[in-house]
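Model the full structure from these sequences, guided by the hints.
From first to last, the protein sequence lines stand for chains A and B. Per the numbering used here, residue 1 is the first one in the first sequence, and the count goes up by one each step. Per the numbering used here, residue 1 is the first one in the second sequence, and the count goes up by one each step.
Fair warning: there could be bad hints in the mix.
Okay, the calculated bits of chain B under chain A, using three or more residues with CB under 8 angstroms as the criterion [unchecked claim]: (1) 14–25; (2) 40–52; (3) 84–95.
To be clear, the hints were calculated from the coordinates, so they are not data collected in a lab. All C-beta atoms, glycine included, are put in the ideal place defined by N, C-alpha and C.
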Amino acid sequence: MSLNTLTLQQARTKLDKREITALELTEACLARITQVDADIRACLLVCADEARTAARAADERLRRGEKGGLLGIPYLCKDNIMVKGLATTAASRIIENYLAPYDATVIKKLKQAGAVLLGKTNLDEFAHGASTENSAYGPTHNPRHLSHVPGGSSGGSAAAVAADMCIFAIGSDTGGSIRYPASFCGVFGLKPSYGRVSRFGLLSMTSSTDVIGPLTKTAEDAALVLQVIAGPDEHDATTTPEPVGKYTQAVAAAKDLKGMTIGWPKEYFIKDLDSRVAARVRAAAEKLEAADAKFKEVSLPYTKYGIPVYYIITPSEISSNLARFDGIGWGKAHQEADNLQDFYKYSRGSGFGPEAKRRIMLGTYALSAGYYDAYYKKAQAVRTLIINDFAAAFKEVDLLLTPAAPHPAFKIGEHLDDPLAMYLEDVFMSGASLAGLPAISVPAGLVEHREGTPLPVGAQLIGPRLSEAAVLQAAKILEQAK
Amino acid sequence: MPISREEIEHIAELSRLSLTEEEKEKFGKQLDSILAYISQLNEVDTRRVEPTAQVSGLADVWRPDEVKPWDQSEVAAALRQGELEGGQIKVKRVL
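Right under this line is the structure:
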């Protein structure tokens with residue numbers, strides 16, 4: 001058995017029993033990257049030397065008898081999160097020569113825990129997209145079917161986990177960017193509650209919904225990673241002071257779902273939902289019922305406004321957050337212009353790709369004089385109604401079960417230059433993001449498709465704010481049900 | 001109502017983006033169709049609804065206004081990533 005195919009928990013056990021070393025595990029992952037990534041293109045950067053150094057240091061800590069959930073575990077990280085001394089491109093040309101001057105808080109925590117960074121993964125430029133086709137460095141390919149997208153925007157991270165290039169990966173989720181690619185690649189993707197994990201050192205996209213979280217091979221693995229990266233941070237004032245849950249303990253102890261009621265939100269089972277996906281989600285519900293969960297139909301009447309609200313709020317925040325990329329101090333400078341205004345315009349016009357420009361334009365329009373009330377303020381008000389929908393549902397049920405994506409992965413190039421069609425991909429994702437709720441995409445099996453190789457689909461579990469332990473418990477039960 | 005060419009140019013100006021003629025044409029059409037889709041929000045009565053700006057569950061997060069030490073090599077690394085002249089970041093003339 002190749003070590004790179006181990007789950008995090010399996011690798012943990014073998015490392016602790018001294019059956020393997022962190023260096024061997026790291027070498028196995030690096031070899032796998034060399035073997036498959038020319039075709040998959042999940043990694044934008046591989047830092048093999050630094051990884052070996054970190055693996056040796058972890059082995060030394062293990063030899064001294066140190067214990068730790070992630071000690072000696074190799075991982076990959078989405079390239080919109082800063083790692084000191086490494087290029088952080090956000091898959092954009094505008095900062096392609098930028099070197100991160102400091103570590104993001106999650107990276108600092110992972111380093112302290114002894115996790116071994118292998119490299120940085122591809123994404124849609126600045127995390128704007130759902131297919132990883134918006135990367136300035138070319139698309140990532142779905143490891144299950146190379147002509148298909150891996151989903152996005154954390155498509156590199158999802159593909160890398162699915163192809164066993166790493167033991168786990170870190171992604172960011174603004175409106176589905178962890179959960180949606182996880183469903184396309186057949187892995188677990190957890191979006192924690194807003195404020196549960198520090199975003200310090202994450203390149204800001206939509207500050208009111210951005211969250212960092214893990215992509216893993218099992219639910220238990222997601223708990224192990226969350227346990228390390230969760231918690232308040234003085235450098236991110238939006239992090240919650242609420243105590244961090246005992247996620248690993250809760251998931252290890254999960255045996256059944258006795259006493260748990262799961263909601264089936266009728267508005268998520270729309271006519272555009274692929275019938276094969278709907279069948280897989282129904283099968284997931286049956287498995288959860290078999291583990292003694294009770295099911296109840298609930299209504300979230302404002303669900304259909306999730307996409308329009310999201311695509312006002314997100315571009316608006318993007319137009320503000322991306323204003324900092326002015327061409328000065330980010331590595332690249334456009335020299336042709338002879339005055340500052342033209343310099344800004346040329347730097348940004350040539351440095352940003354089409355989707356980033358589109359979102360900046362849309363957000364600037366929505367926030368401009370005369371339109372602010374009609375678009376931004378209106379979207380913020382409907383956002384309140386969406387939040388209230390979830391609050392009402394969680395008075396009746398403990399969790400919600402929904403599809404993750406409306407269909408399995410589509411072909412690379414299929415939605416090229418149809419931005420609205422791409423925005424609609426987030427239909428089941430945007431609600432939990434707008435409400436700041438924890439949600440996980442769980443592999444729900446494979447569906448046949450016309451070109452042979454079956455493709456994975458995902459079921460989504462959404463919980464009330466800070467209910468990560470319950471979300472992960474249900475995900476584990478679903479994973480282990482036969 | 002479709003977005004006019006003048007409006008697209010105005011938005012590009014506010015966004016500090018130089019756009020080609022082709023981009024202006026394309027983005028204009030795409031923004032039209034996106035905004036048409038978004039206009040369904042007008043169906044919703046929000047007269048008695050408070051807007052939501054953030055969902056952190058927190059309000060008024062204060063800290064003392066104090067300078068805290070930061071690793072000087074990191075500060076230096078942050079500041080040397082542009083065109084420098086005499087230790088200063090060089091920018092184009094404003095006027």
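Outcome, coverage of the region 14–25 of chain B by chain A - at least 3 residues whose beta-carbon is closer than 8 angstroms to one in that chain
As far as the region 14–25 of chain B goes, the hint holds, because 7 residues have Cβ atoms under 8 angstroms from chain A.
Using a Cβ cutoff of 8 angstroms, are there at least 3 residues of the region 84–95 of chain B near chain A, or does the coverage claim fail?
holds (count 6)
So is the region 40–52 of chain B in contact with chain A by the C-beta rule, three or more residues under 8 angstroms, or is the coverage claim wrong?
holds (count 9)
Checked against the numbered hints listed earlier, the structure breaks none of them; every hint is satisfied.
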